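Asker: Sequence:
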Amino acid sequence: MIEQIDRMEINLTFKPKSPIIIEGFPGLGFVGTIATEYLVEKLNAKPIGYVWSEEMPPIATIHHNRLRHIFEIFYVKEKNLVLMHALSGVKGMEWKLADVVMKIAGQLKAKEMISLEGVGSPFGNPMARTFYYSNSPACEKKLAALKGPEKLTEGMIVGVTGAIMEKSIGSIKSSFIFAETHTNMPDSHAAAALIEVLNKYIGLKVDTKPLLSEAKNVEAKLKELMQKSKETKQIKDKKDISYLG
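Position 203 of the sequence shown, counted from 1, bears residue number 202 in numbering that gives the first Met the number 0, the numbering being contiguous throughout.
Calculated from the structure, these hints are not laboratory results.
Quantities reported herein were computed from a predicted structural model and do not represent experimental measurements.
Wrong hints could be hidden among the right ones.
[Claimed, not checked] Listed next, the in silico DSSO-like pairs over lysine-lysine satisfying Cα-Cα at most 27 Å (straight line): (1) Lys-14 <-> Lys-76; (2) Lys-146 <-> Lys-102; (3) Lys-141 <-> Lys-41; (4) Lys-76 <-> Lys-208; (5) Lys-146 <-> Lys-14.
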């Protein structure tokens with residue numbers, strides 16, 4: 000089934016009923032992208048759709064002999080869990096993507112939406128601190144009872160996650176889990192810290208040790224993707240300028 004919203008095409012082959020949705024976009028430290036990618040693999044999530052737009056960079060990636068989309072949607076049947084995973088190329092589309100996420104969450108009547116994101120830290124500590132924020136008193140109480148994450152009382156959230164925070168007010172039950180990161184480069188340690196919070200919060204039981212041991216490979220692949228996306232945007236910008244001339 001294909002739907003359109005603000006020139007964004009939503010392709011869903013299956014619509015789970017009342018799932019928990021976990022989304023990760025390429026924000027600070029790429030922690031949301033790394034965490035959701037890892038969850039897709041470790042939970043053996045199945046693809047159920049993707050989001051496409053002409054505004055996205057024309058980059059195709061092959062992983063495990065399968066074409067991957069820049070913004071893909073997966074499902075873990077055993078846990079009734081939907082994973083929204085974005086690889087790259089979302090700059091300038093933050094509000095549109097937030098609208099798409101909220102639309103899908105509404106259609107699926109999501110039990111809860113959980114956003115994963117990085118927050119800046121001046122320290123190079125590999126043991127990243129974690130934080131939480133929720134628009135649901137019940138979810139906030141549950142998060143507060145966990146050992147580890149602290150309530151985020153001050154901060155500025157930008158990008159797709161910031162847009163989702165704004166859009167989710169008074170609508171979808173939404174929780175936001177943040178990991179401290181000291182770099183704009185891919186940070187697997189911070190991503191692992193997010194997954195550890197999810198393990199406690201919704202009982203995922205995902206081992207993060209392999210993520211940490213494979214950190215260099217994961218980060219190198221994402222750096223390459225970031226560079227390709229940057230180069231593609233530069234080429235497009237040059238073409239746009241030449242048209243104006």
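Asker: It remains to establish, for every hint, whether it holds in the given structure.
Answerer: The hints, checked one at a time:
At most 27 Å may separate the alpha-carbon atoms for a hinted pair to count; Lys-14 and Lys-76 meet this at roughly 11 Å. Restraint check for Lys-146 and Lys-102: the C-alpha separation of about 33 Å exceeds 27 Å, so the hint is violated. Under the criterion of a C-alpha separation no larger than 27 Å, the hint pairing Lys-141 with Lys-41 is consistent with the structure, at around 25 Å. As the CA atoms of Lys-76 and Lys-208 are separated by approximately 24 Å, the hinted pair is consistent with the 27 Å bound.
In summary, the hint linking Lys-146 to Lys-14 is not supported, as the alpha carbons are separated by about 34 Å, beyond the 27 Å threshold.
When each numbered hint is compared with the structure, violations occur for hints 2, 5.
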